[in-house]
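Number of protein chains: 4
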Amino acid sequence: MSKKLSEARTEVALANRIAANEGVLDTLGHVSMRHPDNPHRYFLSRSSAPDMVTAEGLIEYDLDSQPARDPGVAQYSERVIHGEIYKARPDVMSVCHHHSPSFLPLIATRTDYVPITHVGAVGGIKPPWWDQHDDFGDTNMLVARPEEGASLARALGSHWLVLMNRHGVTVAGVSVRDCVYRAIQTCRNAEQQVRAMSIGTVDILSQGEMQLAAEIPKRTTALIRSWDYWAFRVAKASASPKMARASSAKAAAKPRRRGGARRR
Amino acid sequence: MSKKLSEARTEVALANRIAANEGVLDTLGHVSMRHPDNPHRYFLSRSSAPDMVTAEGLIEYDLDSQPARDPGVAQYSERVIHGEIYKARPDVMSVCHHHSPSFLPLIATRTDYVPITHVGAVGGIKPPWWDQHDDFGDTNMLVARPEEGASLARALGSHWLVLMNRHGVTVAGVSVRDCVYRAIQTCRNAEQQVRAMSIGTVDILSQGEMQLAAEIPKRTTALIRSWDYWAFRVAKASASPKMARASSAKAAAKPRRRGGARRR
Amino acid sequence: MSKKLSEARTEVALANRIAANEGVLDTLGHVSMRHPDNPHRYFLSRSSAPDMVTAEGLIEYDLDSQPARDPGVAQYSERVIHGEIYKARPDVMSVCHHHSPSFLPLIATRTDYVPITHVGAVGGIKPPWWDQHDDFGDTNMLVARPEEGASLARALGSHWLVLMNRHGVTVAGVSVRDCVYRAIQTCRNAEQQVRAMSIGTVDILSQGEMQLAAEIPKRTTALIRSWDYWAFRVAKASASPKMARASSAKAAAKPRRRGGARRR
Amino acid sequence: MSKKLSEARTEVALANRIAANEGVLDTLGHVSMRHPDNPHRYFLSRSSAPDMVTAEGLIEYDLDSQPARDPGVAQYSERVIHGEIYKARPDVMSVCHHHSPSFLPLIATRTDYVPITHVGAVGGIKPPWWDQHDDFGDTNMLVARPEEGASLARALGSHWLVLMNRHGVTVAGVSVRDCVYRAIQTCRNAEQQVRAMSIGTVDILSQGEMQLAAEIPKRTTALIRSWDYWAFRVAKASASPKMARASSAKAAAKPRRRGGARRR
Numbered sequence: 030m031s032k033k034l035s036e037a038r039t040e041v042a043l044a045n046r047i048a049a050n051e052g053v054l055d056t057l058g059h060v061s062m063r064h065p066d067n068p069h070r071y072f073l074s075r076s077s078a079p080d081m082v083t084a085e086g087l088i089e090y091d092l093d094s095q096p097a098r099d100p101g102v103a104q105y106s107e108r109v110i111h112g113e114i115y116k117a118r119p120d121v122m123s124v125c126h127h128h129s130p131s132f133l134p135l136i137a138t139r140t141d142y143v144p145i146t147h148v149g150a151v152g153g154i155k156p157p158w159w160d161q162h163d164d165f166g167d168t169n170m171l172v173a174r175p176e177e178g179a180s181l182a183r184a185l186g187s188h189w190l191v192l193m194n195r196h197g198v199t200v201a202g203v204s205v206r207d208c209v210y211r212a213i214q215t216c217r218n219a220e221q222q223v224r225a226m227s228i229g230t231v232d233i234l235s236q237g238e239m240q241l242a243a244e245i246p247k248r249t250t251a252l253i254r255s256w257d258y259w260a261f262r263v264a265k266a267s268a269s270p271k272m273a274r275a276s277s278a279k280a281a282a283k284p285r286r287r288g289g290a291r292r293r
Numbered sequence: 030m031s032k033k034l035s036e037a038r039t040e041v042a043l044a045n046r047i048a049a050n051e052g053v054l055d056t057l058g059h060v061s062m063r064h065p066d067n068p069h070r071y072f073l074s075r076s077s078a079p080d081m082v083t084a085e086g087l088i089e090y091d092l093d094s095q096p097a098r099d100p101g102v103a104q105y106s107e108r109v110i111h112g113e114i115y116k117a118r119p120d121v122m123s124v125c126h127h128h129s130p131s132f133l134p135l136i137a138t139r140t141d142y143v144p145i146t147h148v149g150a151v152g153g154i155k156p157p158w159w160d161q162h163d164d165f166g167d168t169n170m171l172v173a174r175p176e177e178g179a180s181l182a183r184a185l186g187s188h189w190l191v192l193m194n195r196h197g198v199t200v201a202g203v204s205v206r207d208c209v210y211r212a213i214q215t216c217r218n219a220e221q222q223v224r225a226m227s228i229g230t231v232d233i234l235s236q237g238e239m240q241l242a243a244e245i246p247k248r249t250t251a252l253i254r255s256w257d258y259w260a261f262r263v264a265k266a267s268a269s270p271k272m273a274r275a276s277s278a279k280a281a282a283k284p285r286r287r288g289g290a291r292r293r
Numbered sequence: 030m031s032k033k034l035s036e037a038r039t040e041v042a043l044a045n046r047i048a049a050n051e052g053v054l055d056t057l058g059h060v061s062m063r064h065p066d067n068p069h070r071y072f073l074s075r076s077s078a079p080d081m082v083t084a085e086g087l088i089e090y091d092l093d094s095q096p097a098r099d100p101g102v103a104q105y106s107e108r109v110i111h112g113e114i115y116k117a118r119p120d121v122m123s124v125c126h127h128h129s130p131s132f133l134p135l136i137a138t139r140t141d142y143v144p145i146t147h148v149g150a151v152g153g154i155k156p157p158w159w160d161q162h163d164d165f166g167d168t169n170m171l172v173a174r175p176e177e178g179a180s181l182a183r184a185l186g187s188h189w190l191v192l193m194n195r196h197g198v199t200v201a202g203v204s205v206r207d208c209v210y211r212a213i214q215t216c217r218n219a220e221q222q223v224r225a226m227s228i229g230t231v232d233i234l235s236q237g238e239m240q241l242a243a244e245i246p247k248r249t250t251a252l253i254r255s256w257d258y259w260a261f262r263v264a265k266a267s268a269s270p271k272m273a274r275a276s277s278a279k280a281a282a283k284p285r286r287r288g289g290a291r292r293r
Numbered sequence: 030m031s032k033k034l035s036e037a038r039t040e041v042a043l044a045n046r047i048a049a050n051e052g053v054l055d056t057l058g059h060v061s062m063r064h065p066d067n068p069h070r071y072f073l074s075r076s077s078a079p080d081m082v083t084a085e086g087l088i089e090y091d092l093d094s095q096p097a098r099d100p101g102v103a104q105y106s107e108r109v110i111h112g113e114i115y116k117a118r119p120d121v122m123s124v125c126h127h128h129s130p131s132f133l134p135l136i137a138t139r140t141d142y143v144p145i146t147h148v149g150a151v152g153g154i155k156p157p158w159w160d161q162h163d164d165f166g167d168t169n170m171l172v173a174r175p176e177e178g179a180s181l182a183r184a185l186g187s188h189w190l191v192l193m194n195r196h197g198v199t200v201a202g203v204s205v206r207d208c209v210y211r212a213i214q215t216c217r218n219a220e221q222q223v224r225a226m227s228i229g230t231v232d233i234l235s236q237g238e239m240q241l242a243a244e245i246p247k248r249t250t251a252l253i254r255s256w257d258y259w260a261f262r263v264a265k266a267s268a269s270p271k272m273a274r275a276s277s278a279k280a281a282a283k284p285r286r287r288g289g290a291r292r293r
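Protein sequences, first through last, are from chains C, A, H and V. First residue of the first sequence? That's 30 in our numbering, and the numbers climb one at a time after it. First residue of the second sequence? That's 30 in our numbering, and the numbers climb one at a time after it. First residue of the third sequence? That's 30 in our numbering, and the numbers climb one at a time after it. First residue of the fourth sequence? That's 30 in our numbering, and the numbers climb one at a time after it.
Hints were generated in silico from the structure; no laboratory data involved. Misleading hints may appear alongside valid ones.
Copies of one chain are not kept apart here, so a pair can be met inside one copy or by any two copies together.
Straight-line Cα separation of at most 25 Å, DMTMM-like style, residue types lysine to aspartate or glutamate; simulated pairs [what the hints assert, rightly or not]:
no., residue 1, residue 2
1, Lys32, Glu85
2, Lys155, Asp232
3, Lys32, Asp66
4, Lys32, Glu176
5, Lys247, Asp99
6, Lys155, Asp120
7, Lys32, Asp167
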């Protein structure tokens with residue numbers, strides 16, 4: 030495995046643990062990454078709680094969400110969300126699917142997401158909705174069949190966020206870090222949007238402000254600073270004696286080393 | 030004690046600690062398990078905060094909630110909740126009684142529980158209510174007499190969740206893991222249902238979606254993945270230097286072994 | 030010092046740390062205890078965040094809230110709350126004054142506290158209110174003069190809870206444990222009462238249920254079980270390396286010197 | 030570097046970590062300090078998450094927010110907030126800019142901050158608002174140009190708090206501790222004000238009470254007690270095994286041994 034690939038795999042594992050540690054993911058949900066050297070492949074963890082994802086546990090999939098080789102372990106049933114978005118959107122390098130509590134009140138009331146500050150601008154103003162029932166009638170709500178994933182990808186269109194009725198949210202990004210940043214910051218905006226709505230009418234960014242503010246992560250140090258801190262927090266949480274037993278002393282040492290210490 | 034029984038007892042102790050660690054139980058409430066080899070018996074902890082329950086502290090009861098032998102320690106006063114449900118419902122293998130903060134706003138406003146996502150489907154749509162006052166007039170609200178437990182069991186009927194006016198919730202399951210999964214996921218759904226209701230009208234699963242989605246824990250890896258993770262989190266919390274048990278290496282090893290590590 | 034007195038002092042120190050650890054107290058607020066051997070005296074910590082209170086740091090006061098001897102350290106300015114209540118209420122053995130976030134929405138909207146479950150019955154139905162402005166006009170809101178404390182004690186009357194407009198709450202108990210139990214459980218009830226009110230009309234215990242349920246802590250193991258668990262949680266939090274340094278003067282000095290603990 | 034200056038730099042680093050640890054700052058936002066010996070200079074960290082700020086990472090700026098020497102590291106883009114306020118307000122010795130979740134519901138609904146208890150009096154009654162759009166039209170919402178900072182400083186006027194539409198809050202203080210105390214306590218007041226508003230009409234301090242209560246931190250031990258405690262909490266969080274400094278096995282072992290064992 031090339032050093033670049035190895036680092037990318039480590040990064041997507043860390044991305045899952047960051048998203049879990051920051052409240053985007055709990056036992057369900059996942060972050061994937063397009064293969065850095067092969068746009069027709071992507072990496073997603075074996076079935077695992079996001080906070081327990083490791084680079085070693087990643088499975089390589091083609092864009093039809095078939096594993097490159099028999100993984101011999103349980104797989105996520107909703108992996109077509111990732112495959113179908115990578116198929117439809119060549120510019121997307123990372124996808125996160127989640128059911129964060131922050132968003133559920135908006136989802137459950139079909140309330141549009143709106144950016145209440147510049148930080149929330151990365152979600153856009155009123156991103157699109159998708160309802161599995163429209164195309165597929167009564168289902169168990171899991172996006173498990175390729176056509177379900179493709180339908181969701183169509184709803185996403187050229188946006189970076191799609192809200193899924195009675196289900197959750199799917200987020201895309203131009204890199205793993207961009208995707209995780211977008212997922213975390215939109216959750217935080219959604220959380221405060223809900224609290225704000227409980228006391229009054231919400232003031233949102235103008236279209237112009239939204240477009241300019243959405244560029245902040247590309248132009249300033251905000252993304253690097255945030256990623257470094259979230260990685261540091263994962264390292265803090267993981268490096269406690271707790272984790273020790275989770276695998277072996279050696280394995281436990283690893284997230285630490287990769288976690289907070291390294292700084293690009 | 031057979032190995033099977035010993036493992037079952039360990040599992041129900043862990044179930045109490047998981048339910049505590051995930052916010053379902055605090056100092057009150059409890060999870061029980063029907064005896065795996067004798068359907069006329071069940072296990073429930075001695076009087077203890079759920080997070081401190083151990084396999085050694087379990088008491089074996091008959092279905093009239095009388096201990097198999099004098100336990101010589103304080104017992105939960107509400108154990109008839111468990112006994113009477115096991116008596117009425119041969120398919121139930123585990124019961125959890127709780128007063129989770131997540132549910133109290135629904136309880137206090139007599140608002141029906143509704144599943145706002147597929148994950149919440151395990152609670153059903155509008156599960157039944159019970160009011161101790163209807164059959165017993167003014168009481169101290171504890172379900173302490175067999176007839177009170179039997180009344181509650183009748184209200185539960187063939188459902189898996191019953192809401193108790195001015196009191197809390199009782200949950201049943203086909204296994205300890207099923208019961209705990211149901212308890213945790215319904216709490217999370219209730220929590221978000223409350224937040225959603227504070228800003229709008231709630232969109233819920235169709236009857237068909239609810240029925241299909243309620244099967245997810247049986248058909249997918251979601252239950253295993255969740256249980257493993259919750260056990261891992263208990264192990265993390267318990268294994269920190271903080272805990273009494275962690276003061277001796279030998280003792281510390283115990284929760285670890287039973288905790289998150291084991292995977293079936 | 031008798032063993033009984035020494036244990037009592039340890040208990041009141043622990044009470045402060047439990048109330049802090051369970052979210053009743055933060056940097057302000059305090060729990061006191063009447064002297065177990067002398068009803069004309071009480072113990073209250075030197076000025077200290079509740080989570081840092083120690084048995085050694087307790088000051089002995091007469092009921093006019095004058096220290097038995099010059100303590101040589103900063104004292105709480107609101108200690109008259111304790112002294113005046115002990116003076117007016119011979120049955121009260123412990124007092125807790127707090128500004129818990131759980132209660133502030135009720136306080137700020139002058140909404141009566143009501144027990145929404147049997148657990149919250151220890152606060153009574155609609156306990157009394159007090160407004161410092163009524164007797165004293167514009168003040169800095171601190172209850173610092175004996176007449177202010179006496180006015181508050183009159184408002185408390187024969188109740189166990191008094192709500193203080195634009196300020197907080199004062200709780201009394203027949204023992205330290207009773208007082209802390211009442212403080213914690215009323216906070217939790219208040220927290221859920223507020224959430225419930227945001228979505229509907231609140232269903233409360235009948236007068237008869239309230240009276241019977243308020244006796245639960247005296248008649249069942251609920252109080253012991255809760256206290257043991259809360260103490261266990263304090264031990265967990267304290268036993269981490271964090272506290273270590275705080276209890277050893279030498280070690281403690283270090284983070285303080287570097288950190289914040291330097292005192293002018 | 031003089032001892033005084035060295036201590037001041039340590040204090041401002043700690044201030045950032047306290048504000049992060051108490052929920053005022055997350056990955057964004059910052060606390061600065063005017064140079065204690067030179068009123069024409071101020072200190073602000075290099076670009077860094079607040080919880081990772083160190084005394085070594087501080088950059089010295091002139092009041093035009095130009096670094097005294099090339100820092101060779103990334104800088105905060107919003108440092109003009111600090112510089113322009115120091116320029117306009119000779120009495121201000123410390124500034125904190127934040128986007129705390131506590132305030133966002135007020136910001137997003139343009140709801141005035143009001144003190145609901147004496148503790149919240151340090152924010153004043155209805156502090157001023159600023160809208161970047163008024164003077165500058167559509168921007169990316171960052172206060173990055175000197176004229177933007179100057180406009181904000183004009184809105185602050187002689188107050189200690191200014192609310193920024195679709196953005197956040199800026200707080201000033203007569204010392205680092207005063208500024209952090211004001212930032213934390215106004216966040217807590219705002220948090221409860223929002224919850225209160227979701228259930229009723231809010232009762233606030235009278236003008237006289239507000240003025241008297243705002244003096245409390247100067248006249249009592251409340252500020253010292255709070256700062257000591259918050260520093261203690263930072264030390265606790267930092268000193269856990271997780272952190273670098275705890276990496277010495279010997280040090281880590283100590284607290285553990287003494288740790289959780291003690292039980293009443």
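Outcome of the hint check:
1. Lys32 <-> Glu85: within (14 Å within a copy, 33 Å between copies)
2. Lys155 <-> Asp232: both (13 Å within a copy, 18 Å between copies)
3. Lys32 <-> Asp66: within (12 Å within a copy, 50 Å between copies)
4. Lys32 <-> Glu176: neither (35 Å within a copy, 47 Å between copies)
5. Lys247 <-> Asp99: between (38 Å within a copy, 23 Å between copies)
6. Lys155 <-> Asp120: Answer is within; shortest intra-copy Cα gap is 21 Å, inter-copy 44 Å.
7. Lys32 <-> Asp167: This pair counts as neither: shortest intra-copy Cα distance 46 Å, inter-copy 43 Å.
This entry does not satisfy hints 4 and 7, going by the numbered hints stated previously.
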